[in-house]
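Reconstruct the complex from the two isolated chains, following the hints.
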Amino acid sequence: MRFAVVVFPGSNCDHDAYHAAKEVLGQEAEFVWHKETDLRGADAVILPGGFSHGDYLRTGAIARFSPVMDAVKRFAAAGGPVLGICNGFQILLEAGLLPGAMLRNRGLKFLCAHVHARVEQTDTPFTLACRPQQVLRMPIAHGEGNYFTTPEGLRTLQENRQIVFRYVDPSGHVTEDANPNGSLESIAGICNERRNVVGLMPHPERACELSLGSEDGLVLFESVMAAHASGALAAAGSASA
Amino acid sequence: MRARVFVTLKPSVFDPQGKTIVDALHSLGYGGVEDVRQGKYFELELTAESSEKARSMASEVADKLLANPVIESYRIEVG
Numbered sequence: 001m002r003f004a005v006v007v008f009p010g011s012n013c014d015h016d017a018y019h020a021a022k023e024v025l026g027q028e029a030e031f032v033w034h035k036e037t038d039l040r041g042a043d044a045v046i047l048p049g050g051f052s053h054g055d056y057l058r059t060g061a062i063a064r065f066s067p068v069m070d071a072v073k074r075f076a077a078a079g080g081p082v083l084g085i086c087n088g089f090q091i092l093l094e095a096g097l098l099p100g101a102m103l104r105n106r107g108l109k110f111l112c113a114h115v116h117a118r119v120e121q122t123d124t125p126f127t128l129a130c131r132p133q134q135v136l137r138m139p140i141a142h143g144e145g146n147y148f149t150t151p152e153g154l155r156t157l158q159e160n161r162q163i164v165f166r167y168v169d170p171s172g173h174v175t176e177d178a179n180p181n182g183s184l185e186s187i188a189g190i191c192n193e194r195r196n197v198v199g200l201m202p203h204p205e206r207a208c209e210l211s212l213g214s215e216d217g218l219v220l221f222e223s224v225m226a227a228h229a230s231g232a233l234a235a236a237g238s239a240s241a
Numbered sequence: 001m002r003a004r005v006f007v008t009l010k011p012s013v014f015d016p017q018g019k020t021i022v023d024a025l026h027s028l029g030y031g032g033v034e035d036v037r038q039g040k041y042f043e044l045e046l047t048a049e050s051s052e053k054a055r056s057m058a059s060e061v062a063d064k065l066l067a068n069p070v071i072e073s074y075r076i077e078v079g
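Residue numbers (the working numbering), protein chains in the order written: chain A, 1 to 241; chain B, 1 to 79.
None of these hints come from the bench; they were simulated from the model.
Note that the structure is a prediction, hence the values are computed from the model and not measured.
Every residue gets a Cβ at the ideal spot worked out from N, C-alpha and C, and that includes glycine.
Some hints here could point you the wrong way.
Unchecked claim - Calculated lysine-lysine pairs in the DSS-like style (CA-CA distance at most 30 Å, straight line): (1) 10/B x 73/A; (2) 22/A x 35/A; (3) 40/B x 53/B; (4) 40/B x 35/A; (5) 53/B x 109/A; (6) 53/B x 10/B; (7) 35/A x 64/B.
Stated by the list, open to error - Not the full set, but computed from the structure, chain B residues with beta-carbon under 10 Å of chain A: (8) 64; (9) 69; (10) 72.
Chain B with its partners taken away, still in its complex shape (with noise of 0.2 Å):
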């Protein structure tokens, strides 16, 4: 079974790199771009016996490890 899993700073987290990439799409011309933040995403394959199973355990691994909870948060998705 596949998890997904995005990885985001929390909205109160500035993001050096999200800045920088909407400044190079101003400069490109793509005024109508208010905001990016930049992210990270992990396909994990996993051996689980249903969807629920599956989404706890990849809960589980990104509150470990995949994310850092003093500035990220993350959303699952499963199947």
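Next up, chain A with everything else stripped away, as it sits in the complex (with noise of 0.2 Å):
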């Protein structure tokens, strides 16, 4: 499987990413430089973590207007899978491909921290080999992360089942202690309608290996892999050519 890691001025999880899918996993990776114009026959695209344009007037404000952005919302709208990590998925609210957007942090802190959240859904390609309900133990890395929408934006996610990770405490249980930014129902991810983009802001590309102190996040990998082997994303890989 082919994945396409976009970079961004600014984009500082890149190559964990190209790592995580690369060496970890033994994949194909890609970087795809912000300026491109296509994704080179992706499978799936990741838009990595960071602070694209040095978050200069809101974060991911400016790198949704890059060239890549084009292709990157072709490919969404043939249905293929794109994981937006931290900024990435700030760049995928920007870009309207999310709903939503984000406010600074609850406590104003740039938050450096590990932390719990719980699979909602697993009918994404990012979380299909998850089981319900599942804890993954996730860093974040963000000033920016505190979840908003409208209340009618917020009921649209709920029927739609578009709350795909929530904060939670070890044992799984949505608290306030545990939303660590001031997230809005403890959000820290979500998807599109038809479920194939997917934001996050926890890092599953840096919980890969034991020795980074958690190997949780493989399971997104693991599962969009598991989507392309089943020939679900056929179609969609074809549109990035």
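Next up, the structure:
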């Protein structure tokens, strides 16, 4: 399977995502510079974490206009699996590929810690290998991860089961203390209506080896590999060529 | 021609920075400051034939890039 890792000026988890896909999981992986206009036949696209364009104006606000984003939109529209991690999630929100927006963390601090996220939905290409309600321990590293949407927006997310990850305590319960940044409904990650575009603030790519403290993030990569192997993604893959 | 764009969080959106600033002001003894909302201010130098055209260009720019309509609203002054 072939992963494209998009590189924006200021991305800094691009190598982590590449390493996870290529070295840990033994898949093909390629960096795609944000000025490029095609995804070189990728089967899955990762928008990595970092500080694209220095986070100036708003996180992800400028990256959404990069030439590569037209290709990402076409890929997503064809059903291709797209994963936005941290800043990648913020870019997907600004680009309108996912609903809502990010606010400054409730406590204003940049948070760098391991958290627990519970898998709420297992029918996305990035969670299909998860057990329902599986708790994943992954790091977060962000200043703007306080997810916000309107009351109508939240209702839509709930009705369509688009809340994919929520912050929980180690035993899997949603509590106020386990919500690190003040996110609405403890939301850590969501998907689009079609379920092929997923964004989350925790970093699965930095939790793929025990030497890094956790390998809970592997299951996201294994999920999309299983989706690819089943042939469910074949149509989307050809759209990126 | 100059346009000034003021971007603020919508009233329904919590502003953690504004809250911290008002708390700081209270601890400095300014109990009369009831609330603070932090926003962004942009000065645009525009080539435009009329103030109407300048306003329309500033508005387009604000819609497209300067403000995020999910959480923010904006106000424009021209001239």
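Q) Against which earlier hints does the structure fall short, listed by number upward? A) 5
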